[in-house]
Structure formats: structure tokens, C-alpha cells
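With the hints as extra help, turn the sequences into a complete structure.
Protein chains: 2
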Amino acid sequence: MRSTMQDGALSITSILEYGATTFPKSSVITYLGDGAITFSYEDTAKRVASLANALTSIGIRDFDRVGTFAFNTQQHLEAYMAVPSMGAVIHTLNVRLFPDQLTFVINDAEDKVIIVDSVVLPLLAKVLPHTPTVQALIIVGPFDSKMLEPLNIDTYDYEDLIAAHSSTVHWPKIDEFQAAGMCYTSGTTGLPKGVVYSHRSTWLHAISSCSANTLGLSDTDRSMIVVPMFHVNAWGVPYSGWLAGCDLIMPSRFLQAEHLAKIIELYRPTLSSGVPTIWNDLLLYAETHDLDMSSFRGITGGGSAVPKKLMEGFKTRFGLELWQGWGMTETSPICTLGIPPRNTPENERMKYLLSAGRPLAGVQLRIVDESGTVMPKGVENLGEIEVSGPWITGSYYKNANPENFRDGWLRTGDIGTLDKEGYLRIVDRTKDVIKSGGEWISSVDLENEIMAFPGVYEAAVIGIPDDKWIERPLACVVPKPGSEVDPKALIDFLSTRVAKWWLPNKVTIVNEIPKTSVGKFDKKVLRKAFTDGDLNLISVDQ
Amino acid sequence: MRSTMQDGALSITSILEYGATTFPKSSVITYLGDGAITFSYEDTAKRVASLANALTSIGIRDFDRVGTFAFNTQQHLEAYMAVPSMGAVIHTLNVRLFPDQLTFVINDAEDKVIIVDSVVLPLLAKVLPHTPTVQALIIVGPFDSKMLEPLNIDTYDYEDLIAAHSSTVHWPKIDEFQAAGMCYTSGTTGLPKGVVYSHRSTWLHAISSCSANTLGLSDTDRSMIVVPMFHVNAWGVPYSGWLAGCDLIMPSRFLQAEHLAKIIELYRPTLSSGVPTIWNDLLLYAETHDLDMSSFRGITGGGSAVPKKLMEGFKTRFGLELWQGWGMTETSPICTLGIPPRNTPENERMKYLLSAGRPLAGVQLRIVDESGTVMPKGVENLGEIEVSGPWITGSYYKNANPENFRDGWLRTGDIGTLDKEGYLRIVDRTKDVIKSGGEWISSVDLENEIMAFPGVYEAAVIGIPDDKWIERPLACVVPKPGSEVDPKALIDFLSTRVAKWWLPNKVTIVNEIPKTSVGKFDKKVLRKAFTDGDLNLISVDQ
Chain U
31 MRSTMQDGAL SITSILEYGA TTFPKSSVIT YLGDGAITFS YEDTAKRVAS LANALTSIGI
91 RDFDRVGTFA FNTQQHLEAY MAVPSMGAVI HTLNVRLFPD QLTFVINDAE DKVIIVDSVV
151 LPLLAKVLPH TPTVQALIIV GPFDSKMLEP LNIDTYDYED LIAAHSSTVH WPKIDEFQAA
211 GMCYTSGTTG LPKGVVYSHR STWLHAISSC SANTLGLSDT DRSMIVVPMF HVNAWGVPYS
271 GWLAGCDLIM PSRFLQAEHL AKIIELYRPT LSSGVPTIWN DLLLYAETHD LDMSSFRGIT
331 GGGSAVPKKL MEGFKTRFGL ELWQGWGMTE TSPICTLGIP PRNTPENERM KYLLSAGRPL
391 AGVQLRIVDE SGTVMPKGVE NLGEIEVSGP WITGSYYKNA NPENFRDGWL RTGDIGTLDK
451 EGYLRIVDRT KDVIKSGGEW ISSVDLENEI MAFPGVYEAA VIGIPDDKWI ERPLACVVPK
511 PGSEVDPKAL IDFLSTRVAK WWLPNKVTIV NEIPKTSVGK FDKKVLRKAF TDGDLNLISV
571 DQ
Chain C
31 MRSTMQDGAL SITSILEYGA TTFPKSSVIT YLGDGAITFS YEDTAKRVAS LANALTSIGI
91 RDFDRVGTFA FNTQQHLEAY MAVPSMGAVI HTLNVRLFPD QLTFVINDAE DKVIIVDSVV
151 LPLLAKVLPH TPTVQALIIV GPFDSKMLEP LNIDTYDYED LIAAHSSTVH WPKIDEFQAA
211 GMCYTSGTTG LPKGVVYSHR STWLHAISSC SANTLGLSDT DRSMIVVPMF HVNAWGVPYS
271 GWLAGCDLIM PSRFLQAEHL AKIIELYRPT LSSGVPTIWN DLLLYAETHD LDMSSFRGIT
331 GGGSAVPKKL MEGFKTRFGL ELWQGWGMTE TSPICTLGIP PRNTPENERM KYLLSAGRPL
391 AGVQLRIVDE SGTVMPKGVE NLGEIEVSGP WITGSYYKNA NPENFRDGWL RTGDIGTLDK
451 EGYLRIVDRT KDVIKSGGEW ISSVDLENEI MAFPGVYEAA VIGIPDDKWI ERPLACVVPK
511 PGSEVDPKAL IDFLSTRVAK WWLPNKVTIV NEIPKTSVGK FDKKVLRKAF TDGDLNLISV
571 DQ
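Protein sequences, first through last, are from chains U and C. Just add 30 to wherever you are in the first sequence, counting from 1, and you've got the working numbering. Just add 30 to wherever you are in the second sequence, counting from 1, and you've got the working numbering.
Hints are computed from structural coordinates only; laboratory data are not their basis. The structure displayed is predicted, hence computed values, not measured ones. Among the clues, some could well be false.
When chains are identical, the list treats them as one kind, so a pair holds in a single copy or across two.
[What the hints assert, rightly or not] List time: in silico SDA-like cross-link candidates among lysine to any residue, alpha-carbon distance up to 25 Å:
no. : residue 1 : residue 2
1   : K203      : A39
2   : K76       : K407
3   : K292      : R379
4   : K381      : E72
5   : K338      : P544
6   : K450      : S197
7   : K450      : F69
Structure (C-alpha cells):
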């Protein structure tokens, strides 16, 4: 028996039109370092229509891939809206990819046109001789056309191009299951793997993000979108925020603490999401500068575990809670958010804030042991986290790495527990967890404790071979500017906070923790440095 | 090109399981006049599983219709969850239907089992001899089995039945487009028409209701569910509230002001939705009793226009805004909600509060003139409101009244305007609007102004024949207890508030405005009283 309901396809077109007609006066603000550009939703929608007409005029048809190689800007948002609404597929390219990875993903996706910020055009230009599918570039910002001459490729100035096209458009009918966008995972091992989002998955992720138990986005919010739009879709806020009529504040490439501070002063955001490093930098900045964070009602952190010390710093200095989120390219990205349950007494909130949170409506989680058996809920049951739901990928593009899926669920590669209240705790990545004498040591937890030691700016822990225990933890520590870290004092400090057998036997002081293209600790590089004998190891007696 | 996303069917089963596992400690509280029963979500979910097993044991299979004839209670909520989750279809029966309508809807839907509150069992028993498809009753509360003997039908005590069945169940796989629930419109003309909700429509309506721009339901809320679950699905709050982990406060049949006051005192709700009559009664009650409404963060009114005077009363006495919602059985029901846009100055909020609001994410509205042409937005463009979206019906059950649909859109039978900010204003029902000298007079607006006159409790306006003007308005006025209304003074009052040609030439003082089974003004009855000469008309010179 079928219902009598209308099908009412869920689409990015409907997100676009709903926001533009319901919240015509909400704004998109792009900060440019020495100024800003602002467009209302109403005017943005007209520019979106012009962009779609322009893309049609240069040959983009259904399901053609349109790449973007850009920071968070007005124009990038327009591409987010126009490309899927016209029936094509937006492919966000990470501007921090190494050239060979960039070449691979452009060729794998067969991008036909790329919209590119002129400041990163030189990076793109380098790989274009090896990406034969790319027929045209649409360039945002001033550029030197001479540089492009040898490429023999059509180039357009973004603003000139859209100015030449009508701001009204008849959007095609959309099948909600059709492809809307693509993003490649930035795995530190193997080739990047493509994920293809649908109109449906994007709509559902957006509306669930707007629910009051989640980000609770509304037209009274102003969201500073710090997570890059080329990385996990900037937490989906370009879509969810627009659906909610939220002002969207785009920092472009200006993510340094002094710029963010200026944006916060000028535009008074109520919400922001970002990787912990960004918030750590901002907190450090606030130690020596005035920074008024009172416009915020919440800040979320994700991409890697938010250290307790950073949370405490935000609470103490700004009176703000940092809510952890957890997700990945494969999950659109938001799966969980760490808002404590109602009526949590003040002195118990940290317990929940330190978790990765509880699932959004629409997401299911389970913990699976090494034999593939689903374990009951309970903090004692540690295993791989698997996830399912309508905005979770069920495969990779071209069926890459099928072993990452089980019975339709995504195997995340994260190790964790799920407590009886439904809160998820991430213990480690499967490849980073340290196997010591038959027990697991969480590199994430250990890093968290090390970063609580005064004078430590950042720390990463890797497993190094040990004759007796198979593996033992090595602490790689970056002191704060002007500080020194005494390894012995650090271990004494740790000994009051972790089990004795977790204590690192060796410490190394480094200038920085290497990062991946999306800002995560790149432990592969640290392991190689260890193997090559490039680290200065300090043994610590216990 | 298809996405790589999981299908992730949207289902009531997933609402049930999400709420039960994410908010196990949230509560369902049923007020019983002289006490209450409370179950946690976790325990409620176990009872839901037992009910499903019980229904299976008495022969309910996929798509069988299970009727409910019940107030808002724990058990009714359990039926809301169990029946669709097991693959059957819940059909909510209005306990206030006339026997012939009740017989019709049971037979049209072919209900196989009916879950019934014992207090309304006598009403149901009367029609059962004429409803051959009904094989069994499941009765909530004490009942006299002798009354049922002549019916030769299986009867079960609800609590005994579920106690006899396991509280674990394996839910079947659901196709999100399949039927989940049915409700019949309570139109005052013609036969009731069936609407069949899907799992998908219910899920989408629920999640959109949770968004911060809408009801913003969260696990910090306690919702007092005043709108009956047999009428427009109680605004869908049994599903949206559960999805949000909100405490659900069920008043059973105790909707009188003194009972609601006690519920408010005992359970401190944060939200409630109801018809204006309910709130009017509560305001009247508060004139002579202490009533602490400080637990509320919002109250919504719908079903008919909320009079300005009522809004002002709530604001003055309780400091609360009444938000209007608009929707109907055909629309699941919420289409719009009248929360003012951000940054609305205090002195302009009433303008928005008096509107029916702006559409929820997922809903599209348009205004169509008498020739069927879609009109541009603007308050000057008055016409029939049409609506589309994934929780709006695209037809009636058995294809009844196909003329109510146009190009896949629902024709609502409401006359209104849509302003440039997307706010809807309901002017009247097509059948109630008064055509006077070629112009339209809104009976709703006129009633609103009459109800602002001191001493008026309620008022309805109908069009009566006029030789010169075709139709002229007749004001039917109910004075407050202990008050009198002077027709001449009323018209003098109105003359400062409406156009001269809107002023009624005749007034009648009545004891009450007749109401339909869902509490709306039944103008059909008033028109018949006028035609039959049963109204005492007072002419008012102007």
C-alpha cells in the first residue's frame, strides 16, 4: 500500500530556492584581508543563476564534473549551489594536495571545467598539462594570462563571465538520488578515494544539522565558516546555513589567528566549526591580544580530537564550550555532535564534551570487534566504529576499496566505544593505536594528556618497535614559542594522569608536527623520520 | 550518474529506535485527572515492541489498518510507533465524529483492529454493528464486557495483552514510500476524504519540525500535546518530539482550562500547540486564578486564525508570544509557522505574529487566481493557496475529489496572500469569504476585530443574502460570562478599525458558536440557523 503523499524530491535546488525566497535579506560576507564583499541571499541567488547559465554556455551538461580549487568565498558558495542545481556535479579539490594526488583526482573524476581562485592558480597550472579532460578554467580574482598561454585552455574571468549571462534560469527536474557533488578522501595511505554525494543526502544532512539538538542553525545565526569548503564540505554549513537563513561569513584564505580575530570583531559570528589547531591558535593569540568572543553561542571542533586543555582554555578565557563533532568525507560529514544531555550538572559536562557526541537523527552507529561481530553498547566494548544512514557513503567511486564496507555499513577505521547513553568516544585510528604487550594504548588520549602539560603547544604519539612489548609509545612534543619542555618533568606529570604502562619511555622535541593536507597530524611522516633516524630521542627512566 | 550514498530509508522505525537509544531517559507523562503515569523512552520502546508482537499474534499483517479511537495517552503514542514500524497502517479516528461519518471512515479504510479508550467505547460500540471489517478491539482502561457481548467481536485489555508478549521484536525492512498512517479530513461538506502518510513524509515532517527556525524541539523541551492525536496528528509532535528526545506530556481527555493549569503547574511544559479556543479558555481562567506560565518558551496556535486580542492577552498576562501555524490533515500538518524574522523590532513583531508565518524547509507555497494562474508574491495578490512538498498529499485515498489537486500541487481551499518576505496571510476559507458588491470581505479578519471588543468572548461572521450587494456580513457574537454586548457600540468600535463597507448591518447575540469535530467554527450550522429563521437579528444603522 503506497501513501498518497507527493514525492517532493529533496534537492540542492530546493535548498537554494528555499533560502533565497524565505530569507532574501540574509547575507554572505567574504572577508578579503583588507576589506570584504557582501551579497544578500536574494542577490546571491541571481548570481547563482548567472553562473549556471554561463556554465551551460561553455558546454557543461548533466553530470559533467565541475571542479573547484578555491577557499571559502562568495564565488565558491555560488558554485556549490549552481553546479548541482543545473544537474552537474561539483568536485571540490583540496588546494593543499600534492601535485600527483591533485592530478590523480582530477583525472579520476574527469573534471571538465575548474573554478579556481587566482591565488592558487599557479598550483593548479602545474598539473594541468597532465589533466586532459579539463577544457576550461573560470578564474576568481586577477590573474596573469601569460602564465596560462602554454596550456592552450579556455580561460574566463569569473565576474566577467557571470555578468554576461542572465540572472534567471529554469532549473531542471532532479532525481534526488542522482549525483550532486564529489569529494576525495585525503587518506595518508594509498590513492585518494572518491565519494559521490546525492541531492538527497545533502538535503537530509542539512536539515538534520539545523535541528535544535545539533547545530540549531537559524536565521538569527551568523556562521563563520572556517573549515574549508574543499574539506568535508565545510561541515555542510554552506547548505545547512543557507537552508536556515544564517549569515555565512567566509574567511577566504585568511585563517590565521589575527585575521580570524578581525573577522570576529567585525562580523560578530554566533557559531563556527574548525579543526582544533585553529582554535588552539586563537586561544594562544588571545593570551597577548584583546579578543571579544561574546558574540558566539557555540564553537565546534572536529577533524581530530579536541584536547581537554583547549576546551578548558576556551571555557576559562571565553566562557565558551567547545563541542566536538565527528565525521569524515565519507559521511557528508556530520555523524555525531558532543552536546551534553539535558540537565547535566556543570561538574559533569566535561565528561560529555570530551566524547565525540551522540548521533544526529538519521545516523546509526555500531561497534564491531575484530571478528566482525557487533558488540553491545558499553564503554568496556572497544572496537571499530561502523556507521550507516542516508548521508553515509555505501561505496567509493568506481568501487574502490570495497573492504571498507560491511553489510551496507561504512567501516570508518576509527576505534572507539559507544556508551549506554549513545555517546561515542574515539579512542584512535586503527592504524595509530599502539599495541603494547597485548593491550591497546590510545595515541589520542596520550596526546591529550601531554598537551595539558604547561609549555606544550602540540604533541603527537606514535608506536615504535620494542623487543619486549612489540610496540611502545614515543611522544613527539612541540613546545610553545619561548617555552621549554623537560621530558622528565613531563613524564612525572603524566604518571599522575595515565596508567603506568602507558607512560612513554622516549620523548623527542620537534619544531612542528607534520600535517596532512587537511590539517591532521601526519604520523606517517613521523614514523618515517623515526625509521630514518632523524629524530633526537631522549630516554626517560621510570 | 548515481551517488555512492547509502539509501538509508526514512522510517518511523528509525524515529522510534533513534529516540529510544539516544534519549533513553526522556519521559512520556500521561495525566489522568487524579494522577499520572510516566514511562521513560527506554521503557516505552519495550512496550511498543510488545504491542507489535501482540498485534501480530491477533492477525495484523503488512498494510492492515489498525484504528485508534483515543485521546492523547501513553498507549496512543505506543500505537503511533508500533503499528507503522511493524509494516501496518495506523488510522486515527476522531472521537468527535458523528456516527455516520465514523462508520464511513472505518469502512472506507477497512480497519481490522481498533485500539480504543474505554471512556469512548460506548460511542464506538454504537457503530460497530455497521463496520464488518473490524475483527477485534483492544481496550485501554476498565470496561464493561457485557456491553460488548452482542457485538460478537474479540476484545482484549490493552495492558493484559501487551504484558503477555515479548518486549523484543525484529522490525521488518520498510520502503520509505509505503503507507504508515491514515487520517480523514473533517470537511464540513461532503464525505470525509482519506489521506495516507508515508514513512518518508512522517520522518521529513518530524525533522523539519525540529529545526531551530520551526519548533526547535530538543531534549531540553517538555511538550504538552494538546492538539488531539486524532486531529492532524497532534501537529506531528508525537514523532518530532520523540525524535528530539523531548518529554511528551499527554493530557488524555482533560483539556479543560483547570486541568491544563494543573498539568502546567505539575509538569512545567516548555512548548505546546493547540487551537485558539483552548488558549482563550486558559486566558479567561487566568483572569480569576493564579497561573504560572513561566516554564513556556513558546506556544503555537493553529486550526483557525489566532485573534489579535488573544495574542495581546498572552503577551500582557504571560509575557508569551503565540506563534500561529498553518496546515491541515492533507499536509501532515505543519506548512508554515509565524515566528517573526530576525532583528524584527519589538513594535513590528505583531505584524508577523498575525500572519500564518513562513514555510518550513521542504514546503513550497503559491497563490493562484481564479483562472488558475500563479500570481507573483505581494500582499496585493489575493487568491487560493496551493502547496507542495514531501509531506503534502498529492491525492486523496481512492482518488476522491481529484479537483482538489493541480499539477501535483494541493489546492487548499484557503484564500490568502504571500508577501515578499515569504510570509503567508490567510484571508478566509473559499467557502466563507463574503462577496459584497464585487469585493471580498474576510470573515476571519472581521471576527478578529469583533473579538477585540470588550465583553466579547467569541464571534463568527457569515455572509447573508442582500438584494443590493449580493452578500453582507452578519456578526454572530458570544458575550463573555457576565458581560453584555451592545451591538451599536460594537459597530462604532469596528468603524475605527475596518473599512466602512465591511461593517455588518446586522448582529446576532448567541450563546455559543457551533464547532466542528475538530473545534473549528461550524459556519454551515450558523448559515442553516439563519435560513431557518432561528437567529434573532438586530439591525444596526450606520
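List of violated hint numbers, smallest to largest: 3
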